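Novice: Here's the letter readout for the chains.
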Amino acid sequence: MGGYGDVQMIDDNGIRVDGRTAGDIRPVEIRAGVIPVADGSAEVIWGTNHVIAAVYGPMEAHPRKIQKQDRAVLDVRYNMAPFSTTDRMRPGFNRRSREISKVTAEALETVVLTELYPRSKIRVEIEVLTAEAGTRCAGITAASVALADAGIPMTDMVISVASGKINGIVVCDLNKEEDNYGEADLPMGICANSGDLVFLQMDGDLSPEEFQQAWDYNMESIGPVHELMIEALEKANGGES
Amino acid sequence: MAAPPVPELLRAHLTELAKNDERLDGRGRFEGREVQIETGVLPRAEGSARVVMGDTIVLAGVKFQIMTPYPDRPTSGGFMTSAEVRPVSGVHWEAGPPSPAAIELGRVVDRGIRESGCLDMSDLCILPGEKAWQVILDVFALSDDGNLFDAFATAAMAALRTAIIPGERFDVGEDRPLPVSKKPMMCSYHRVGGRFVYDAVRREEIGGAERIHITLGDDDHVHSLQKGLKGAFTADEFAEIMDHARQRCAELRNMIE
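Sequences listed follow chains F and C, in order.
The first sequence stops at residue 241 when you use this note's numbering, and every number in between is there.
The second sequence stops at residue 498 when you use this note's numbering, and every number in between is there.
These are computed hints drawn from the structure, not numbers from a lab.
Note that the coordinates shown come from a computational prediction; the quantities given were computed from them, not determined experimentally.
Here a beta-carbon is modelled for each residue, glycine too, at the ideal position from N, C-alpha and C.
Mixed in with the good hints, there may be bad ones.
One side only, chain C facing chain F, incomplete, derived with CB under 8 Å [stated by the list, open to error]: (1) Ala286; (2) Asp296; (3) Gln306; (4) Ala336; (5) Ile377; (6) Asp385.
Just the calculated beta-carbon pair ranges, DEER-fashion [said to hold, decoys possible]: (7) C:Gly414 <-> F:Arg119: 57 to 63 Å; (8) C:Leu250 <-> F:Thr155: 37 to 43 Å; (9) F:Leu197 <-> C:Pro341: 40 to 46 Å; (10) F:Leu116 <-> C:Lys468: 44 to 50 Å; (11) C:Arg314 <-> F:Phe93: 32 to 38 Å; (12) F:Met202 <-> C:Lys372: 51 to 57 Å; (13) F:Met202 <-> C:Asp266: 23 to 29 Å; (14) F:Gly151 <-> C:Gly269: 34 to 40 Å.
Please take these sequences and the hints and turn them into a complete structure.
Specialist: Have a look at this one:
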């Protein structure tokens, strides 16, 4: 966390650098079916973040040693494109992207009915084309829509959003500029219908009251995003459902 | 996994179509798919483009870094191309380090641009022997339905010609457009059903044989050639392809600013 407390990121009326109030998320756009050759796909534009997710499968899992006898394995890859950041991102996996891939897979495994596809593999490819703080959240959200677009049965949709703290004030969905001065970050992956959590991380410093406020902001944010997900899926799949 | 028998069936079907000079999607032998080019699509890149050809979708992004010039060329900058064909772009592209196929893609696109001389390397010098710009071109496949070569080359040119050298961000002078003096364009041909076709879709690639890539600069100068995969072609076949490439490269050139 940066923690440069002397920079004023919120004015006296509680207005943030990009004009939002504390509980507002950035503008979100969601589209499904954006990659013609994939079995399912989605695009999430969240502020300046631009994330694409593609799903391939279920397909035969190989090599055989990765197969699970009673369920499908979710093979999730989160990657940042070389041109997604101000300084070019060197291609290839790093420790950060491996960790994000792992926790994303574990979040999605919780809602996908993997037991319907024993010994198979479902590939989920998350590509960050433009990064502006909060890419892992946008990635999980995009992957959820892509899985649904692929017709993979799920118990629920996962929406991911983060809240944090700047200048000692808890705010929802930090943008890049705020993130540079952020004092805490609490990303959560929340099931749209059940309200259960399937993804949770946190770093920084939050008092019990601040933590509760960040938690509540995240919980309150998912409803409108869920509606956008459903609209995108209806539009891509002919309006029924 | 053992190779599925499908390519054999596909090959037979493509051969059958070729007898009547037909293609899978109804196009003529030398008819390309519609090409859509959009620039300025990646806000973090200094130059960018998206190219859509049917169900093939690619991106190109240009980034700049400051490098130390090579000792034997103290007044020259650098140019590097990297092709990323990540598994997002098709079930046939696997995760892991770049495959030989992806490396070939990047290198052939790179050669066409480099050898055309469209980038003036000495213009990229900031301080002789100490500082110069390195231009990094990243081409990235989103959806591979065949002919990534031409899609990459077209996106690359469109991105380079809209690139801005970020002098202010690196504190070495003003921002200014990257000078790109020419427009080398690529045309690719695959042997499908016994004869060469232009702009193959993925299924034609799977059921086809060798391929030929031609990059032509302004005034039809030849800047790069590549023959890929197993197969032999005749001089007459090549002459026919080259004739078409001259005409098609000129058309593509007009689509780019």
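Novice: Which numbered hints are broken by the structure, listed smallest first?
Specialist: 12, 13
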